Amino acid sequence: MTSSLRLGLFNGALYGLALAAGVWGGQVITLLRLPLHMPALLFPLATLILVGIGAVAGGLTAVLNRSWVGAPIWALAGYAMVAVIGHTPYEIQSWLIGLLDPRFAGQAIYPYQQAAQARLFVAGFFLFIVLVVLGLLQDYRLDGILSETGPEGRLRPRGWFLLLAPLPLVVAVGSIADQNVQRPWRIAPAMVAEAIRVGRTYPGDLFDLSRETGFNYNAVKGLIQAMSAHYVLHVAELETQAVEVTARFDNGYAIHCRVWLDPAQLAFCYPADKPYREGLALLLAGESPRQCAACFVRTTAEWETWLAAQGQQIGAGPRIEVVQQWGSHVLVRVEGAGTLECLFGGLNPVTLLRCEAL
Amino acid sequence: MTAEATTAKPRPVQVGGYALREPGRLERFLGPEWYRLLRGLVTNPLSVAGMVLLSGFVLIALAAPVLAPPISPRADPYNIPRDGFSPEPKPPGVEWKRNVPPVPFWYKTVTGKDHWVHLFGTASGQFDIYYGIVWGTRTALRVGILVVLTTLVIGLVVGSLSGYYGGFIDDVLQRITEIFMAFPFLLAALTLAAVLVPRMGRSIWPAVIALITFGWMTYARVIRGDILSVKERDFVMAARVLGAKDSRILLRHVLPNAVFSTMVLASLDIGAIVLSFAALSFLGVGTDIGYADWGQLIAFARAYILNLDQYWYIVLFPGLALLLFGLAWNLVGDALRDILDPKLRGVRG
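Chains as they are written, first to last, in this note's numbering: chain A, 1 to 358; chain B, 1001 to 1349.
Because the hints were derived from the structure by calculation, they are not lab data.
Keep in mind that the hints are not guaranteed to be accurate.
What the hints assert, rightly or not - Here are some, though not all, of the chain A residues that point toward chain B, as calculated from beta-carbon distances under 7 Å:
#, residue
1, Pro72
2, Asp205
3, Leu206
4, Ser210
5, Thr213
6, Gly214
7, Trp260
Since we're looking at a predicted model, the values are computed, not measured.
The C-beta atom is built at its ideal place from N, Cα and C for all residues, glycine as well.
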């Protein structure tokens, strides 16, 4: 491998790394401070993909050794990188969840949003321009960097400076993507965590506090008594203008909170598990949950019949518990004389996807 | 050779009876052209005035959380707090009653009051004008610099490739440039922003992208013309004869000697871009209602445009901010043009 190719690969990989830092760096720092379920699940894989794309583009530009060739190569790389950035929170995350937890395999945990496409356009617009320019400059820059190598082939400090100089620009462009693509994933859990933190400890009236601060702490007012100190947050569902977040407390209680995105505001919160516990209990008892607004579960007549039959075998008063949640997909276990596992998906309404007797 | 001889300072070289000036460290670091540019900027009274104004805007932008604190740390600071919903503006000095921000440390010393008043009055819908102007400075700087830098980069890339390579590449790139130039700038930007807003939502981005899309062509044309002239010079030929690559010739020899007039244009354009952004906001295709943006503050005055004798403050303060911002960049741009104009070379600095 020639030193020019090696440097091209390294330079491209650095662009990928800088871009990943810009796109997901701030996100990781914010999410790690929150009690979020698997906060950094995506980032190592997505970073590896970006580094790989960057290395291939950088290496190819170095091999072809023509300055103008760098522009189309990096334009293609930019397109691929934008696609990765845009699809990572949706399809790639869903696929990864299926890989980690086979019980959720094949489910569209986070279906791709058309609104995300528009947000991605903004991110891609600037990224594309910067990468094309850097692609055009690569040949010239790497020549300069190669001339700054010592007798053992090691880079001198000036060479390192030249190599690292464009990275702040790439990080900055990545942060535009962060503001546009990642923002809903970040602000919604942060707002719910803030509401729970203040709601559990504030001695005064949350309604007055909401009026004073402009932040709707009042959304959790009626739910505070049931909350315990420790909880885990899940981003349950993303819509164009809103995000649903679930908070699961260690005492078994759970709430859903709806957060508006523009302007960012916590809208309301409500108990989360009624469809999974009370709705499923009704189905097992052979009753329809259609009359119960808070515990309504959409299902088919076949599942209703099957569950009613299973309910008779399991017996009265079975133990129903939520085993796992990914997005809005919730796996529930029913234990009595027999054991069942049911997978629910969606929030409005909650839909029974499948059940199986264990 | 003695030690004294080796450490002695060389005598200045005499050319035609004049002693050649010894370049200083800064001049050696920057190179003669960039040094002359920097020296001209700090010695030209117009550019100094422009830079003082600009520094003021930068300071306001940096100190925005102190000058106009957001109503809560969790609130989006770019949303102008509103003191109710009444459509009728309130004059400066009226007490702030609802959504009152925390009082900053400087406030009592400067105003002598314990509670917030609307320093510049409120716009229609009770948006605080002072808050909007302070946080709008950030929006103006962000939009101006982002749009101009991006259009400059696009223009430089297109113009450089077009001028340096010529032939087929030049034909294709120039026809593309002409297609974009065929659209009237503001009308085209307005149309594109209006198309983007329903897809992307209301934010600064639709207007920024629209301004970039229709704003790069002049730079491409100007840099192309300069490159066509510079690339025929002897030093470029010498570099080619020595076997330098195209990228090295273009980036090391041609572009640095051709880029100055484009830079002057860019510096003049920042003020103009902020005015265009304000125009788009005024027409309703910019940011969301209540976003801190000078154009939108003026847009709030639309219904009261015939009663400005009574509601003068709703256009005066945001208009003044826009005027001074545009003036600052124009002063710096004019000074740059004076410094870089070959006819004026040697007159100053």
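**Request:** May I ask which of the numbered hints given earlier this structure violates, with the numbers listed in increasing order?
**Result:** The structure conflicts with hints 1, 2, 3, 4, 7, although it agrees with all the remaining ones.
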